[in-house]
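K.L.:
Sequence:
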Amino acid sequence: MRPALRVAGTAVLSAAAATAAAWTGLLDPWHAFAAGGLVTTLAIVWTATGTPVDDPAWPRRTEEVRPGGRHDVSDLGWSTFGRDGRVTDRVVYRVRALADRRLRLLGVDPDDPAQRPEVERLLGARVLAQMTSRQPPTARSLQAWLDAVDRLAPENIHHPRRNP
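Positions -20 to -1, 1 to 144 (mature numbering (1 follows the signal peptide of the UniProt record, and there is no 0)) are the ones given, in order, by the sequence shown.
Think of the hints as simulated: they come from the structure by calculation, not from any bench. All C-beta atoms in this analysis are idealised placements derived from N, C-alpha and C, irrespective of residue type, glycine included. A hint or two may mislead.
[Stated by the list, open to error] Label pairs and their computed distance ranges (CB to CB): (1) 101 / 64: 43 to 53 Å; (2) -6 / 64: 51 to 61 Å; (3) 51 / 91: 28 to 38 Å.
Kindly generate the complete structure, drawing on both the sequences and the hints.
P.N.:
Here is the structure:
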């Protein structure tokens, strides 16, 4: 529909509504005339503004994205804690995966029930219990997890199988 026809149709409809409002006593004639004029004015302004223009976008800079680089650290920092103050699932998953990787580098399979005592010795009973729990950890628990994973660095371990 063309804009002029739309404004004309709105003006006719608002005039008819204003007349009906004045005729039935819903509004006095001056207020009915003002309401009709307001609706017509709004229709004119809306039509005159035309189609909205999209906001101009900033040009995107291409950056080299490396695993573990600036963006990963920033994303991880912003997504560490949820609205409830607990650690988010994303961080829990990543810390568990890091612990799993470190244990496997030491020759310990965390999924093997026979090696559970060794996993418990390396991580600590409390950390292992928290890491296998389904409850999201607190910030203090996460710190204990990260400390335990840091202790799993190969240079910090005196593994009985490696060092007789």
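K.L.:
In ascending order, which of the hints set out earlier in this document are inconsistent with the structure?
P.N.:
1
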